[in-house]
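Fit the two chains together into the complex; they arrive one by one in their own frames, and the hints show the way.
Listed below are the residues making up each chain.
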Amino acid sequence: MKHTETDSTGVDWRSENASAPDMSTSERLREVYEERIRTPMVVAWADWRTRFGFIILGFYLLMALVAVLGLWREPSTSQAPRYLMLFENMNYPLGTTASGVDLAALIIHSTPSILLMITAGAVWATGIAVGIGTLAGYKGGRVDRMLMSFSDLVMAIPGLPLVIILAVTLNPENPILLGVIINISYWAGLGRSLRSQVLTIRENDYVEASRTMGVSTPKIIAKDIIPNLMPYVTVNFVFAARYVMFASVGLYFLGVLPYSTQNWGVTLNFAYSGGALFSWSAAHWLLAPMVAIMGLSLGLILLGQGMDRVFNPRVRTRMAGESKSTASDDEDAGVTEVL
Amino acid sequence: MVNYYVRRTARVFVTIYLVASLTFGLVRLLPGGPFTLLRAQLLRQGVPADEVDARIANLQNIRPDAPLWRQYIDYMGALFQGNLGESISLGEPVVSVLASAAPWTIFVVLVSTILVFVVGIFLGSLQAYWEGSRFDQLVTGVSISLMSVPFYVVAVIALYIFAYQFGWLPTAGTVANGVERELGVPFVVSALKHSVLPILSYTLGAAGGQALAMRGNSIQVLGNDYVQVARLRGLSDRRIATRYVARNAILPMYTGFLLLLGFRLGGTVILEQIFSYTGLGYYMISALNANDYPLMMGTFLVITVALVLGVYVADLTYSKIDPRISAGESDEAY
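Just so you know, the protein sequences line up as chains A and B, in that order.
Okay, so the first sequence: first residue is 1 according to the working numbering, each after it adds one.
Okay, so the second sequence: first residue is 1 according to the working numbering, each after it adds one.
Rough simulated footprint, nothing fancy, chain B against chain A, three-plus residues with beta-carbon under 8 Å:
#1 142–156
#2 243–255
#3 284–293
The set of hints was computed from the structure by calculation and includes no laboratory data.
Glycine included, every Cβ here is placed at the ideal spot set by N, Cα and C.
In isolation and in its complexed conformation, chain B is listed as follows (with noise of 0.2 Å):
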């Protein structure tokens, strides 16, 4: 088991610097390479060619004039000391930008993400109890109805309706411009005032796609031998219920959980925009408008490095949870 773990997190490492080493080969595959654009404009007004090299360097830990494999190691070591550069066009270190950031994304992805579960795998259990019911059939169209709107879509509608149009909810910004930035009552409130839409809109339609999956798994599990045997034994519907099917029905969804993870903390790249809620996708889109490389990476790496820690997490209480996950491959192979 120990050595289960260690492989584990050997291969968080593995994963984060194959990701760190490709953002690198992106960087100079991006139009123009490296910074020509912004070299030519130095250039241009008369900045000594040795100092614009040196200022560039500074920029994204590369120096446009060495070989590649030496700015590969200095971008690698760079970013090993948490040296991400420095974003262009808002002259800060990319590292405080980020870091301002992150925990809105990581809020309003983590609670959508688990209100999802939590409604998705409710209405899926109910619907299989009571399966062919009119309660199924209704809540069966609505699912699909709401997997077939795009969340951009939902966020666009609630937009239009609860900020523009009743003026309820704030339209823009993670926390009012008055409010003061620490932890207390009113930064609370405000918060969540401006994260209602957001985690609403990106939690509808997922909630439906998954209250469909939770149902189909309780109707297989439902038809299950030892779920009969656990009705003969006289046992109560509760514990049926909760111990019997809802642990098996949940457990397939676990890999789905995993996916869905990645595909929504990417998908915060249009939310975020949307709703101008400065998180790391909403910095990743204004960066790429204003060419600012570095911070650019540096969003792309950041949300690479969450998911990366996040599936490592579920990972590794996934087998707490299922027994029969077996840590190693005894497969015999062809």
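The shape of chain A in the complex, shown without the other chains (with noise of 0.2 Å):
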């Protein structure tokens, strides 16, 4: 079966762009654009759940160019007066803490390093799952047991605790590193799933045409396999980003991880040591990095909910108004949600 490979001389009928021999590059370019980049765009601007997702994450990113370049004051000790309350002084918005920090530029300046966290945290997450998911999936047999007797055995070890003490090993003070390490056994579930899935596309046609065409195992996974599980795993993505997101407030809050960057959880946790739940004059101090926690939280969940739409077929001709089919594809996108 493998001559084919070899066979370049004739008709290259195996390429992926001879499937429109009598098009030019700049008409294939904008075909390609209107499929995959203007449909889904409105697509998904017309759910409301994807427009108010990316408000809200253009919201954080603006934040975050704020802080990168320096366009509001560092935060640090009696830089104003202290206890001001929310909007009692316009130069202090959120007002400020006991010890007179401006708790604007605590919530701004701690943006950033988690941005960078759980983007991080999501890459790897996603990245390893779909790595492991497809390729036991799609070879089986030995690998196949090998690579889920592995993410069983991962699955097998709490999260968070774990989290914790590697945190307390090795002492991460890089962002990006600690987004790795707070996800650093989430694969195992989503690969799991993923190899559920991969177990039915593997038996499509056009899989087993490129296995007797002897196309190789990298490619059939990353031409064939890997395409069909992209709304699964842009979903999971942003689950997976916000996981990291409340495991390292969490942690930061719990004072388990080192305070070298500002983050809301190290604010929540002065507040709470603070004594801001006992009197009113200090809830702001409290409130400002939860407000902050769960609006991101919500841009990310809504996000996943609407890109659910944007990559579910069905859905979208819904949309279109061209069929009344009430199924969602979805089986359980969402089901790995925790915290």
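Structural data, given as structure tokens:
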């Protein structure tokens, strides 16, 4: 079956760009743009969830930009009167803490590292999950058994305690490393569900065709299998990012992670131990980081929910008013939702 | 079938063995190695080196001067006999500390996880039946907002309102101080009162997520032909709802349940700290803050074992619930 691999003199009927030979490059580019970028964007924007999700994420990106460019003052003690309430002094819109630190500065200067951390964690988790899930599902047999036993083992270790022990051991200060550590075992469950999807995808005719033509395994996985998984992966990317944020803020709140960078959890911890729970005059100190966490997480969830629609072909046609189908293709997007 | 059960049971032991080995490795990786600090302290106090080594060996079942393989065998052998070493900060055997802590954690996690599923399945299926109605939109909105609140934020807010401001519920602990620790009405009432807030804050957000998942599953099942056929056959709505739709919609949530259990057991680390609820997670953090490595590793091991056993039980019962699950892999290898 391998002989087609060397047979390059004939018509290259396997190559993907031979699908429309009478098309110029610009036309093809336009079609790809139409198909891959414009239509999904229009569908995405039509759904209020994705619209709000994008707006919220954009707002946080803006905040990160403000912090990186240094457009807002750095947080430092005694930079303002103590215990200013919300909007009491418009120079310090979110008020100040017990030691006179501008809360807005604390929130804003935490954003870049948090965004970096959640992106790193989500890339790590989904990347490993896609790699292991597709390989195990496609190859089957011994490879499958080995990879799945391994991910079962990883699943058997409770996430947060492991992260705590690793955090104490490695003392990570780099947000990217921290994001990876927090999601160090997150991929296991996702990899398992990707594998079960691959098990059905690999029975498709076109996969079998590629295989009989002697296309290599990595190429089949990349061209035939992974595109089918993208919707699910995207949705779970968002959920993985949210988990990193929840876990990191929680661990900073507990005081387990080193206080090297600003984080909403650090602010929350200081507010909590500073007695903000007992008096109204300090309630805003506790509320500001909470609202920051909930906002980002709401944005991510809305985006995840909306993305589901973008990738779901049946729902897409329903939006265009062509079909009355109410079925949702996605079995368990969001099942891996945690915390 | 017997073969499957044997294999599954064997895997439980293999997993526990591997995790135990992992803790051995981690103990050695911890900053300063095993007990460097303690050792230096004792030596400075003028305790002879031999005695120091013996005392440390007693704490973690590791003799610092023995070769690595010897240490490993000693460590695993002690674990096998149920000896997790001795807690440095509490001066008690780790096993007895954890034995008193584990029931609380298991109680909270179990009750809240069951609640999460009951509430989620109930709301989700109602939503699916009335898809697009005002009720559906309302519950979806509430679920999404609840999902975006981390449980520790719920916990802090609930603690603030119900415990500190209104004083309806206790702020910390598992039972009140004056209550005797034996099974009786005052003990149960006090324990329940102390567990209301942890369970509530651990349930809310997760229930929203499960409701959304259940809604999606039910809508998908409702579109299937066999549901139409069941309607045409004139079966009662109740029968269709429970036997045809609910059963098929709940099954896919099972894989999620296994994952959820692990994350929830781990999450108690944060939850119990907020409520000063002396379960496994609480001791893990206090051990961490006190540099009490034996207690920390013991807690980690016990939480893992609890999770492994939980997943094991769920796995075994699942093949009973869903007859379609084949116990072996019959897929062709490529």
